[in-house]
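S.K.: Sequences listed follow chains A and B, in order.
Residue numbers for the first sequence follow this note's numbering, beginning at 1 and rising by one.
Residue numbers for the second sequence follow this note's numbering, beginning at 1001 and rising by one.
In short, the hints are calculated from the structure, not lab data.
Just so you know, these numbers come straight off a predicted model, no measurement behind them.
Nothing false has been slipped in among the hints.
Lysine-lysine pairs mimicking BS3-like chemistry, simulated, CA-CA at most 27 Å apart:
hint, chain 1, residue 1, chain 2, residue 2
1, A, K237, B, K1121
2, B, K1419, A, K242
3, A, K81, B, K1400
4, B, K1121, A, K242
5, A, K242, B, K1169
6, A, K308, B, K1634
7, A, K81, B, K1457
8, A, K237, B, K1120
9, A, K18, A, K58
10, A, K237, B, K1419
11, A, K81, B, K1249
12, B, K1634, A, K320
13, A, K242, B, K1164
Here is how the chains run, residue by residue.
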Amino acid sequence: MSKIIASAAISASHHLFKTAEEMLEKAIAEKGKDFVIEFPDTAFYLPQIYAMTAFPVKTLADMKVALEMAREMLHDMPEEKLWKPYLGEALDSGMATLFCEEIILALRYLNGLEPVTDPETGYVYNGFITDTIQRNLGIQLVDGRMPGFAAIIGAAPDAEIAEKIVRELQEKNILTFLSGQAKDKNGKLTNVTQQLLSRKVELGWDTYIVPLGPDTEHTLYALSWSIRASMIFGGNKPGDYKAHLKYTKDRVFAFALVLGELDEIKWSTGAGAINMGYPAICDTDVPVIHPTGVCTYEHVEKEFDHKKIVQRAFEIRGLKVTVEKPPIPVAYGPAFEGERIRKEDMFIEFGGQRTPAFEWVRTKELDEIEDNKVIIVGTNVEERFKAGGKMPLAIVIDVAGRKMQNDFEAIIERKMHHNINEAQGLWHMGQRDIVWMRISNQSYKDGITLEHIGIIHNTMTHHRFKSIVDKVQTTLYCDEKDVLELQEQARAVYRERDKRLGGMTDETVDTFYSCLLCQSFAPSHVCVISPERLGLCGAYNWLDCKAAFEIDPTGGNQPIAKGPAVDDKRGRWEGVDKYLKSNSAGAVETLNLYTIMDNPMTSCGCFECIVAIVPEANGVMLVQRGHTGETPVGMKFSTLAGTVGGGTQNPGFSGIGVNFITSKKFLFADGGIKRIVWMTKNLKERLGEDFKKRCVEEGVPDLIDKIADETAAEDSEKLLEFLTNAGHPALEMEPMF
Amino acid sequence: MDKTIKSASTSAEEIIEWGKQHDIETCFDRALKMKPCPIGESGACCKVCHMGPCRFTGKNAEEEARGVCGATLGTVAARNMVRMIAAGTAAHSDHARDMALTLLAVANGEAKDFKITDVKKLYRVAGILGIEFEGRPVNDVARDVATTFVEDFGRQKGEINYTKRAPQKTQERWRKWNIVPRGIDREVVEAMHRTNIGVDHEPDHLLTHGLRVALADGWGGCMISTDISDILFGTPSPIKAEASFGIFKEDEVNLIVHGHEPTLAEVIVDTVNEPEMIEYAKSKGAKGINLGGMCCTANEILMRHGIPTAGGFTNQELGIMTGLIDAMTVDVQCIMPAIGELSKKFHTKVITTSEKAKMQGAVHIEYDEHRAKEVAREIIKTACDNFPNRKAEGSHITLKSTLIGGFSEEYIAYMQGGKWRASFRPLNDAIMAGRIRGVVGLAGCDNPRVASTGIHKYLATELIKNDVLIVSTGCGSAACATAGYMTPEMALENAGPGLREVCEAIGIPPILHLGACVDNSRILTIATAMAAEGGLSDEIAGMPAVGIAPEWMSEKAIAIGCYFAASGVPVIFGGESPVGASKEVTKIMTEVWFERFMGALHFEPDPEKMLQMCLDYIDKARENLKLRKYEPGKFGAERVLMDMAARREIKNTAHAGVGGINESQG
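So that you can see chain B by itself, here it is in the shape it has in the complex (with noise of 0.2 Å):
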């Protein structure tokens, strides 16, 4: 009988074949063990009252099936999908509302361990947001950005601030088809109150609503999160790093943060250096103490200090298996309950720290942004003093890969001209020639229903063989690094003749690694700059660019493909559709919302039949702007030379990019 392949990473894979032997169970096993429910799994399962839970099943279920109060399997569908958005923009606008309260502390002078580190970036969004800044007492202008923040999560009425960072025409859109979050908390609450039973039954009402409960995520929690991160601990910009199991050292103290929030891990990464902490661990016999991450507090302190990622969600049982972590620190998101009772078979300590978020099996050392170092000190400490417990056992993996992560928004404009020529007109300019047929966002988690990892790496080489420059994030960035794609030589020896030439004029990797999953709100920056540039489409929709998150598991997940279509960027999701046994809501979600917002989310588990309606979507969109057509190896601008009366002729507009030669031929 053929193995069943769990993991595409050859090292978890090992792991795995390890604990097979040592009867040890993983997700991995539970997930073939578990078959998901076919109900629920295509959304037609209704339990929102304890009149059900009702099943909309049957040959005819769309026209004839009705729960006990009458809702149809639209009605159900619609309502599900709904409240998986509120949930996931919940957590992530959870993060953010705590990362708004640190910065005021920190401009109140009441977290001392924390700093405004990048000055630049919080003018900058001072700016966005209205704010004075100029000659202003730096925790003058932080405070009054944390407060403006805050005031988006418990606002009533009018607009989330940053909807006017998007471009103008896609700020219509979402007017026009009144989408436009009023508050972070009141959206996802409306939700709730919306999929209660008996209130909102109408498929596409509910899920128009569900469209600006993810903008609130997308624009509100995601960006808030994103630019106070880099407020507090810097602007990501380009990194090594290295990824995998092989991170771990034998020698050193394994200590492993894993989840979502940066703000206790960078504050490990300040005091794991002490010299105090280092004696420490050596009077334990290490020889220093070996920090790294896991998950997207991994990607949050990956991109900003180069620490090594153990890799994505599936990995987190894998690490422990190792029997080399002596601690691993959770907060919150995406932690999975087993590690607790999976560490009692091993020394591993798992250490909960989020108020939040408690498991059995782990210790608890709560987390307090007032004494942030002392806290992060009782974790070092608690790591060293379980290294002498460390056992023989345990499946040693040394394959580690390097990788080149710390992709901003920032970073990218000035990777494209530097300090003085900062923009996007190259990146522009490529995919106005042909160099670069597109780009992808290819984000999301990993998934042990599928061969972990493989759906993400099949989609990551082939994406780039076809010119396509992909932005990553989260757990498909994990994959993408352990598997040794985030490097700059990956583009010189396997990108398309196009991508190539632009890879290797700027010098970067094919895939671009942007940081944590909240970090999406990345993509939309970048997208609204591409869209400002000129040259493409002037706002989000219609640019020849897809998202994709092949793997994803995470409800989180859903709220992000939700605001990137109602953003204008048709999305792809791998696997089986959460709402599938209804085919009105699925054309809503496809055709409608592309008909009106130019984005969609589609479910489609077939890896290759994604790759073709993602290279479909590009070169639609690529038709639409009158681009020229994509044809492998065949590129190059336009010429126009210029004689002096058409350069009379040359419009005298300020342009931030210091735009290229479009704007002048009108």
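Chain A with its partners taken away, still in its complex shape (with noise of 0.2 Å):
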């Protein structure tokens, strides 16, 4: 009974308090009470603490601040008999364990014992989840590719039962964070990730299976970063926990699935996680708690089957997860598309260097293709390919359609990358003709042909296109005579429309795009997306748009008509204006598109950098995702991304994607790229050409040497000597406000 449940989590939180009161006593007889405390790359202090309390802790006398908090939250044991109810109180204990557990990981940092090496593999868990990787996995959150997360606490009975479970989660697009342990059927205590380890599962962030920390405590680190969403995507303040505690309910499809036998820390963990809306399925008989209120649905629920156990937590969680699988002998999904394939795993390769190999996508008439067909051409193209080694390999798709246009060519074009990428076994790279494609040894064992590449791209091109093409058909090229001279006629096609593309600007079209996917997590926010602005994840251009318009025109990518022009110079227009005003909830009035000082674009939270200015030197900076060093404007990254997500305006800052900073529109208002003064040397490297031409086009050809890095400058006074120095033309231009 849930009583059994209480007495656990209320037991442990006090266990977890006295541990966490004696690792901080010790903490500060050794350092000292200021010593300062921080987990890493993180804008959020103790995030889970600082969600809830908006109480930053910085020091350990801060810490010992955020435990009486804790020890607050800390209540009776129920009794045998005649007990005084528990919910509330177990609620309660389980928040005091998540501030517990938090402590105890910040102090485990402090200690140099975080992130797990495990003793047994050497493997080295993940550790704490930074700020970085939460804003890159944005887009992924938001347009389905990423829909649910799974917390697999313990270990299954058998490894091969773990893998069948992490699997069926992977092709569900489901990522799944690891922790905790248990016993096995063999009564050895282990734990999943162990057992993943074992039958030669990749781990890490790119297949979706996160091994977070070996104890239950490690838990913690997906918590605090779900709540982190909050903040970050949703928008709500530190301190507004039921905001917080909404946000994750109704917006972070999070469960938890426990193997093995559950201990008091479990109970606990998971009770904390319960407030959060996140409900607990145990393959063990323990008692369960089916009314519903604080989860949606069931809080507790046990299925012994673990081929049922995912599809039940689905259900519980209240998540629909819709998959199009290709009719191929290997499991397919977003999971499976960060797999590496090595030198002595690969069976057989194509382009990279080694082949002559491309891509390419044609509009044909529907008369001319026969659906659904995959044509190989080629000698002794089967004998070949069963040798394994290298191939010469063109993929030629010709798709017809009545809603078909030559635009949505290199749209379907760009998906190849990811039709091939999402097989198990399969790794692809690149595109158009400087593809690199691998199939692994054990996909091949499991029966993967080539005819299945194009199956593969046939199922794959109907279903992410499937109100534009109503005929596909694949044709793949073996012999080197063939691919050679068709990727002539192929690189034309590539240079027309690149062409085409670099010619389009703001000015010519009638129609912007809205992009509205972050909505699920960032509900004010709105991104406006026009020829010469992508959107700020980087994710999206303006014919991404228009194609999936024309996908589903109900979706998250809505025409916006420009209508007369308010201000041509800010980028302001009548009909962008009105359409904000009814699609941010109210909360974005105007917007100017070509500037960041008077109504610039609000940001979600999964921008790939940050535009923010440094008024000292008259100009702006930008810092990409990712870069952990100080900045100019005297925060990090992580920082400063706090302050501009959320979908609110903040002049001065915006969050942009990275292909904007080359756009003649890039801070067109106010003065262009000129205005540049500080961007890190991984940005300055990413744009090379691009940036260079631009610097020629604005005329100042050397621009980009007087632009300082971080190895010139990481503060402001040092900034506006090296700028000084360099005789930036910022310097002398008209103030900035």
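Quick one: dock chain against chain with the hints and give me the complex.
M.R.: Now the structure itself:
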């Protein structure tokens, strides 16, 4: 019965509190109370505590204050008979447990004990989840590629079952966190991480399987990560705990799969998670809690059948996942995109400077092609494939459809990378004539043939572009002669496409597109995407949106009739304002696309980089997600991101996609790229030739050398010195405000 | 000849039997001897002027009988009803006035023995009243709160403050029918005026004002009283306590506080364990001092301190007959004058303490909030002094029951989600899913005219078997507590399958003790919170909820019944109807009120019919709300699986209760 759970949750919170208290006292004795403490790469201090209370733990002394908050949530155990109510008390105890666990883990970082290295396998767990990872995942969280999150705690009866469960979660695109341990069917204390390693399953963010640590306490990393989403994407303020818990309940589709026996700490951590709306599904005979209300549906459920446990978990969390799987003999889904195939695991490869290879999408008339047909052209193809090694390969997809337009070819082509990569044991990188593809020994053994590559493309092109394409036919050319010959035709088309796209400006179109995909996480954010300004996540440009609208007219990308311009220079249109008002839940009234100084665009939280004003330099700085160093505005990316995201307008600051920097409309009203006084080396390298071209166009060919990076300055004083020495044009420009 | 069962409590029955053998008469005997006057009982007697009393009897009394002034039966029955409402309202509200004045005295530093115990509640109340509280000294806030409440009593125009605490739609109904109280005293005075000879004669018009008076009771007097008691003495949270006559101790001084007001009792709780008092008791040969309660004062200190209760109204004489009570303090309301005379046959000292209430056979030690502890010590010493006088005789009972009490609106929200997720979502969800069929407020007096506490016990067991969650107050609580029903085990062993799951998940008894009879106001705020949470009705009206007072006897019960009816809750009272002679008035109080407010006040003496009527109301409300049809053992939330598109549609409304899926499903 539930009293058992409550008693365990309450009991464990007392123990963890004591542990945290002792560790903290010891740390204070050793390091002094003013010793600074932090998790790596986060702007949210101890995120769970900060989200719930708005109290920033910066030093060991602060930690003591936070621990006292946990003490207030401790309760007496329910009595054997004639007990007093325990649910509220158990939930409080669960939250106290999360506070204590966060303190314990932060202190373990202080002592160099995190992330944990597995003593048996040498595997290094992920440990704390950084803000950068959260923002990197942004777009996947909203576009259906990562619709839910599982925390697997404990160990499966054996490694095979562990793999089956995790593979099912991968196929359903669920991001899986691993923590805790339990006894397997042989009585050995182990965990799912070790079990998966024994089955050689590739672990990591790219494969959607993230081992956090070997203890139950490490589950906190997943929880403190999920509550950060409320601050990063939801725009909810630290301390607004009701908003956070509503956000996690309504928008973060997480659940726990508890494998093996439960101890008190598991129950107590689970009670903490239930506060956030995350239910637990156990594979052992546990007491259940069915009445709903804290979670959306059941709070604790049991399911002994490991074949059903994932599906049951979805039902209990209220999660719907639809996946399209091509008829191939291996698993398929975004979770397999990140797999690598090392040389020794490779069966055959194509392209990658080893053989000629390219990919090309062409538009055909409906009667010119046969739907779903795969044509393989070449001599002795089957034999050559079976021999393994390498082969030339041209993949040409011919599509036909009444709504098909030439502009969509590039978009369909760009998806070819994902089409292949999402298959387990198939690996792909690059596009057009710089592709490189590998097939693993295992997938060859599983029965993958060349024809399957065509089948994958046919199936997925239909699935992704169902209202644009009516027929799809894929041809694979395997003889070098054919490949080289066709490649020339393809290259001519690539060049023509680039030219057309390059000439497209905001002025040449009447319609912009919105991107509302992030509204599942950032409810008031609207991306306005024009030909010269792509989405801030970098994933959606104007053409992508146009195609997406054709595919799904009621979906996340909607046309915005620009209407008459209100301000040409700043980039404001009547139609855009009108659209914003009705689609931002009333949060945003007006928007200027070409300035950051006056009603700039809002940011959801998954922007690729931030442009921020540096007032003393009369210019702006640019820093990309993942940069962990200081910046001249005195904030690291993670802190800066905290002030920019959440769907609010912040004059002087904006989140943008990297490719927007080389657009002519970048800071058009503020003076353009000449305003850039600082940008990271990484950005300089990524933008490369395109940026240099823009410098020439702006009449300052050596601008890139006048822009400081982290090697020249990390504070404003040094920055000014550098700029003055370099003679940066921004110093002579009109004041920004 | 069959023995007449006088009480459904075996302990009580045992004492009654013992009394019979010793020739001691109690209310149970007097109830048998004194048949109710059939004319007065049904509301057909008018004695508002000295041309009468007039009686309205005969076959066609409704149509043909007229008083000397020409009054019809309808007029007279309605007038009698309104006067009962007014008297009940006056009682609660005068109690509330004293609470408000005490709070003011505390804020002004004039009542040193009291303090603001629950600052959080003070701030909550201040927030509701629109009084600034952030950054201000606590006493300044308390003074403003007290003054604002005091104004509610004497206000001539406008609306009493707590009107705005009700759901918007409930307020709209009140305004539409013009029953929003202006000032508490004004409504009572106007009721007395209107029912005076020759003023208001139209039954509906009279009864409409009756509802306005009743609302002044519920959303005025009662609510003010509850809130101030919480502010001064703490908002209750679950606590273990004991009930029945077994709480008296043979070797300790038994001091019983009986009546309704919590102030003096609270000070006695504070004082009784002072070493000086314990020493004093020991000097008189006792091992210590055993403080217990009776009636609603008992409920007040049980809810906050776990002080045991010797039971409700009909136990007061029986308590004295145990011979174990050394002193019994009484203040106001429901004090039987019989105990003064009865106490002479035993050693018990009855001590009257209110300046408003004295009785023959009692000593008077007047309570004064300015020197509260001094008075308390005097009372305790009086009890101790009397300990050596205890005689062997009396019916000693050792049986007692344990209960879990202490459920306030605040705790009920807390227990459903803890500090961070407190809400009414789980309760609303459980009702929607059919785990809980509905909620019943089981309250009111116990009455010697039936097998006392028997109907309470019958309904309590039947309702929980039918998956109905019970909230109880007053002597209804005492009846259920004494019967041992207010335990979490009761849910596991006797509740229906759905209610059992909910009680088990939270760890609660199936009957939640909300406090004294003034604390019926807690039911109003709970219903308001349920409306705000969403998924059921968006006002109090239309909820699958019913009020029942099966053994009512006090005019206060009538006032309570009417304020529930006016707030939108169908109410069923036991016993014969005090307006039963008039079909017209009965129709107004049932059909007409239901049409206007979705509340009603029925009188139904048959317990089985009461139960059926109650379940019918609940099921009908479920049907109107389009909730899943109640079927025992069959329940479950409608499952909606969300894909990404559905998630983008989730409305981004802030919601106090961290609410569930319904708001997101639109």
